[in-house]
Structure formats: C-alpha cells, structure tokens
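Asks: Based on these hints, arrange chain B on the given structure of chain A.
Chains as they are written, first to last, in my numbering: chain A, 17 to 395; chain B, 17 to 395.
Please keep in mind that the hints were generated in silico from the structure rather than gathered at the bench. Please note that a few of the clues may not be correct.
What the hints assert, rightly or not - Below, simulated DSSO-like cross-link-like pairs (lysine-lysine); rule was C-alpha separation at most 27 Å, straight line: (1) Lys350(B) with Lys259(A); (2) Lys269(A) with Lys219(B); (3) Lys254(B) with Lys346(A); (4) Lys137(A) with Lys49(A); (5) Lys317(A) with Lys156(A); (6) Lys219(A) with Lys393(B); (7) Lys254(A) with Lys350(B); (8) Lys136(B) with Lys328(B); (9) Lys219(A) with Lys267(B); (10) Lys389(A) with Lys353(A); (11) Lys31(A) with Lys67(A).
Remember, predicted model here, so these are calculated numbers, not experimental data.
2 protein chains.
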Amino acid sequence: MRSINENSVGFVETKFYSCCEPPNELILSSGEKLGPITIAYETYGTLNKDKSNAILIFHALTGDAHAAGFHKGDNKPGWWDNMIGPNKAFDTEKYFIICSNVIGSCKGSTGPSSIDPKTKKPYGLSFPIVTINDMVATQKKLIDHLGIKKLLSTAGGSMGGMQALSWSVLFPEYLDSAIIIATNTIHTPQQIAFHEVARQAIKADPDWQNGDYYGKSIPARGLAVARMMGHITYMSDKSMQEKFGRRLQNKEKLGYDFSSDFEIENYLKHRGDSFVQRFDANSWLYLSKALDYFDLSEGKKLSDVFSRSLLKFLVISFTSDWLYPPYQTKQIVKALKVNEIDVSNIEIDASYGHDSFLVETEDQSRLIEHFLKRVTKEQ
Amino acid sequence: MRSINENSVGFVETKFYSCCEPPNELILSSGEKLGPITIAYETYGTLNKDKSNAILIFHALTGDAHAAGFHKGDNKPGWWDNMIGPNKAFDTEKYFIICSNVIGSCKGSTGPSSIDPKTKKPYGLSFPIVTINDMVATQKKLIDHLGIKKLLSTAGGSMGGMQALSWSVLFPEYLDSAIIIATNTIHTPQQIAFHEVARQAIKADPDWQNGDYYGKSIPARGLAVARMMGHITYMSDKSMQEKFGRRLQNKEKLGYDFSSDFEIENYLKHRGDSFVQRFDANSWLYLSKALDYFDLSEGKKLSDVFSRSLLKFLVISFTSDWLYPPYQTKQIVKALKVNEIDVSNIEIDASYGHDSFLVETEDQSRLIEHFLKRVTKEQ
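Looking at chain A on its own, in the form it has when it is part of the complex (with noise of 0.2 Å):
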C-alpha cells in the first residue's frame, strides 16, 4: 500500500466549480442544453505568480478527479498517484496540477444519477448524450474560473488523451503542449464493439430499469459483466499469462464443475463486482457512448484538424496495448508531422496491455519529465 511520504501530495480534498445556470446553460454537440452544471476537482502543487506553471490533467472512463494523495479515512491513494506528486512525472514542486471529473461520470460532476433540477429527480435516461468535446467544454469554464489563461500542459491516457486532443483543437490557443497516451483520435469498430456489448449486458439486466433504477435495486449483475469484460481489454495476453497463468483457485486439481477453478476467473469476478459498489451504470453507458462517438477530426482529413496549432506534442503508446494499439497514435504522429508540428513518439515496451498507461511509471515518468521541462523552458 502506497503511503503518505515525501513523495506524496498528503491529503488532498475534492472541491466543487458550477456554472451553466439557466438561461446560461451548455449547448451540447447535440444541440441540447445542459445546466446547472456541477464540476468535481481537485488540485496539487501551487500556482505560481503568472499563472504560467499549470497541467491539465484527464481521467480515464472509470476515473475520478481525484488523481493524487489521499483523502482523509481512506488508505488508497488517487488513481495517478504514482506519477503525480514531489519529483515525480507531474512534480508538484514545480507544476500546479488540475484533474476534474468528466460531466457524464458519478464521481461528484454532473451525471445521469445527478438530480434534475426540473423534476427534483435524478435524470436517468433522460440525462443527455454527452460528447468528449462537451467535457473539454465544461473544463475550459473551470479553467477560465481559476483565472488560467494558458495552460503549460494537458495530459491523459485512454478517455484521458481524446480529452487531451480534443483540448487541442478546439482551444490551442490556450495551451503549450499537450501529453497524449494509448488513445485514438476516432473510435474503431472493434472498439465500439466491446463497449456494445457491455452495454447490452447492462441493459439486459432486468434491474436495469430502463435507467430508472435510483434509490431500487442497481442492474449490478449486468454492470459486473460489463467491467469484466472490459477489464480483459486493458490486460495483455502476456500479462495475463504471466499474473495467472493456469493456476486453480484454491484447488489442487480440476474440479470439473462451474465453480471457478482458474484464478483468472475468480479475479475478474471479484474486479466486476467490487466496480458495482463504486460505479454507476447509466454513467458507463453515457461514458462509453461518448467514446464511440469520439471522431477528433469530424469526417476530415486528420492533418487538417492540425494545420493551425503551434503546441508541442508528446504522444505516447504501449507494445502490448491492443486496445488502443501503437498503429493508431502512430496515425496522429503522421498527421502533426505533416504540419511540422513538435511531436515526440515512443512506444514504450510494456506487457500490461492498455492498463500500461496506469502502471507504467519508470519510462512515462522519465519522458514527461524531460518533456514538461523543455516545454516550460520554451514557454
């Protein structure tokens, strides 16, 4: 267990931003509006005087706004905090340090379980679709609340790095750089597939309610399929082998029935229904939606999207990830360097498929290290 220590942020709070009050609420990509809208996040380091020192940072699909240190009466620390923290990666010591939560997500930003202001009931179904564009947009508004008016960095893997790229084509203006990790810049069939049928799964649980299932039974069942299956796509075939291989689940033989006999059964298991106490199900339709709809450049070319920006670029991706594989950061690379844009591209050599991004620190941390220097030195 990760503890408090000098590389630590310590304990940190989440902190609340809302804007879009009627008549001023968000129009969506949709063309829907949305508002008031609540945004949970969190901050580590300080500020420094012009406002020049500051990093965006992007939570994953099932990610939070707490990335760093603890809160208080917990002993897990926030998802990222092995690479942001005192001389780490993101060093506090240096960097002001921002994550907030995505809109559409249960983690304290508003969701589908959030109440609907209108009918003082949680929204459900009712709640609407969401883009990657929209949750840049409500992070611009928190943003601008902190007086920042340009951002060092913006960094994210997975969900995390479309937020990134999406941050640099609707608003280049207002950063240096830009960290990308194991994501895509369009969702590939094979992709939306997997989140499909995830979806299915919820909707297939007769708890499920049609979304309506607030304050009654959650679709739990349906929910830990969804995760178990996603949580095979962030391993590797390698990584798997080589945390479970073939070995039985307290047994010493075969038990030829449907108990689990493979401990790799048993984990995802355990991992789908432990997700079920802290997720919420709507909020991984919604997510998961805005994933599939993600398309960066919109049905253009893709270096078209790129031609005005003049950020600097570390794009980074993992050997084992076949989720997001390397070919697919490799089509972004093609298409900032066809606008001579600065990029940096490493495929990092990992084994632990998508989750990399998560648990890679030793070559990540080096990279963005080196990278946010050069980045601020240049400012």
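Replies: What follows is chain B alone, placed relative to chain A:
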C-alpha cells in the same frame, strides 16, 4: 447463397449412432459415467473397399455434424461446405468424410438438453462436465462402429483443432495424419477469461434458473450477450474496419441516443439474437468449459506427448487471428519438430481474424489438397 451444383455434395441427412448403454457407460475424464450416448453424424463421399480413405472432421464450439451439403427444406449449406465436396479441399470424389456433433452440444448428440433416462427430464446442470478427450473417446466408438481401422486424416479448426490434437495423442495408431487449424494445445488465461465473462453473462440472466429452464423462458438475453462478445473475438480489428468502418445504421448523422448508431452495433445484436434461436445456453457453458480445461500435455512437456507419433501434421494459423494467435500454433510445430515428426506449418495472410478458418478458402484448400494427396500416396 450457395446452391446445389456439381461441386456440392447435394442433399444430406444426419444419422445417429448410440452407445454406452448402462452398465457400459463411458468413463469421463472427471471419473463420472455417461450413458447411454447418442452421436449425431453425417458422411459425404464413399468409403472405399479397404476403408482407407476416411477423414474425420471436427466442428468448433457452436458447430454441428452438418459440415457440407444441404438438409432438405433448408437453403443454408453445412458449416464447411466451401471446403468439402467434389473437387474441393476435402474432395468427396476421393475421400469419405465423417463429421459428428460433440457430446455436450445440442445438435443431436447427448448434452445437457437431452433427457436423462434416470429422471425422464432434461439433464440441465446434472449433466457431467465433458472434456475434449471425452468428445474424442465417443468419436473413436463411432469410427469403430463404421468399421474403420485407420483414418487417413483428421481435421478441424479452433475447438475442432483441439479434437484433432487429442486424437493424435490418444489414438495415434488409428490415423495417418492430422490437420490442425487456428488452435492451441492449452487454453491461456485470456482465452479462459473471455469464456468466463460469457458464462457470467448467461448465469446473470434470471431466466437461466441454474440451468433448469427447459420448457420455460430461455436465458435469451444472457446468451445473446455471450455470443456478441464471442463474435468480437472471432473477427479482427481490420476485418471490422473493412466490413463496417463507422458506417451508421439507417441514419444520416449521429443520433445522440442509445439506439444503435453504428452498423457494427446492430450487426452484433442481430448475431446475438439469432444465435439464441439455434443454440442451447447450457451447452455453451459445457463446451466453453471443455475448451478452458484443455491442456494437451496435462502439465507435462508438450514435446513429450508427441514422442511416439508417426503421424504427418499440417498446422495452419492466420495472421489476423488474435484469439488463437500464430505464436500458439508455432509451439505445436516446435514440439513436433523436436520429435522429428513430419510437419508442414503455414501462417496464412488473412484479415478475417479467427473466423479465417471458416471463410478463407483459397490458401487453405490448396494446402489441404496437397497434404492429403501426399498422405494418400505415402499410406
């Protein structure tokens, strides 16, 4: 639609063979007994006088005995019709082809949906766990019944390849050769993981009723989810790109709702829903478990299990098959070569993923045709 022409075996009928009447039940790998057992099978071509031209074909998880030709009143041919027939890879002018449905299935052979003679009710979960070796043991009884002393060859892909491997180890003196396609000698944790999630999806369906659903509502939602997930693993990133891309379903633009926007979503749902009409959920549980239990060398060195083999092997894999990737068949080839066994190994360049063994006809046909000619000559 394929039709009856000079390259078709024409109309065929499924036949049935019964064995293992108590007290002569089959002793299964688990130690449990099963009997009586019915085996559904089909044959194509003519057994020659010295019964030396017989080839046993094995189907994959959801396949059946109907490998080629047409059943009367049905306009869909058998599952490997593109490979079996006059002048095809398995040339019925030369060879006598046999294909039987595995035990545990629901396509005519004894399985969990069969009536247990003791209770006069469907077995359900009281059906014993069967293994690939158990399937092969019943096939051996069928071959004995047909009076065939030695098979010219055996062939199968995926679960069919495992049966071919099992035959080559259990009964090497009863065959001349084996054609092993897109398979593995031991199920990996990733392969087990995909199956376990699908099993959990079936079990999560309230209609599953611990397997006791016959004559009532079937667990259609759970089985559809299981099939959808399986289907993703049978295709490839590239084949999904080629077949669907991000084309929308009956729409000109994104719907911003949870109805299926993309064709791939609708396709998977359709495949899931239609599968439910033709396959039994309990059989899916049993057969997936048989695959997960498969370990050809049973903890021993793989090269040791082939040591006494005089067979000839043709081992085929496909570049885009990520469910049973080529590195796994290479391990078979290595174990065979260590024993100086006659093996040809080809990795076919095809984009269809694991499904390649069913749809890639050209290269497979040529390879199999030549291999069978050589084996016949050297008999």
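Asks: None of the hints should be skipped; say for each whether it holds.
Replies: Hints and how they fare:
| no. | hint | result |
| --- | --- | --- |
| 1 | Lys350(B) with Lys259(A) | 25 Å, holds |
| 2 | Lys269(A) with Lys219(B) | 24 Å, holds |
| 3 | Lys254(B) with Lys346(A) | 16 Å, holds |
| 4 | Lys137(A) with Lys49(A) | 18 Å, holds |
| 5 | Lys317(A) with Lys156(A) | 25 Å, holds |
| 6 | Lys219(A) with Lys393(B) | 58 Å, violated |
| 7 | Lys254(A) with Lys350(B) | 20 Å, holds |
| 8 | Lys136(B) with Lys328(B) | 45 Å, violated |
| 9 | Lys219(A) with Lys267(B) | 22 Å, holds |
| 10 | Lys389(A) with Lys353(A) | 22 Å, holds |
| 11 | Lys31(A) with Lys67(A) | 19 Å, holds |
Hint violations for this structure: numbers 6 and 8, all remaining hints satisfied.
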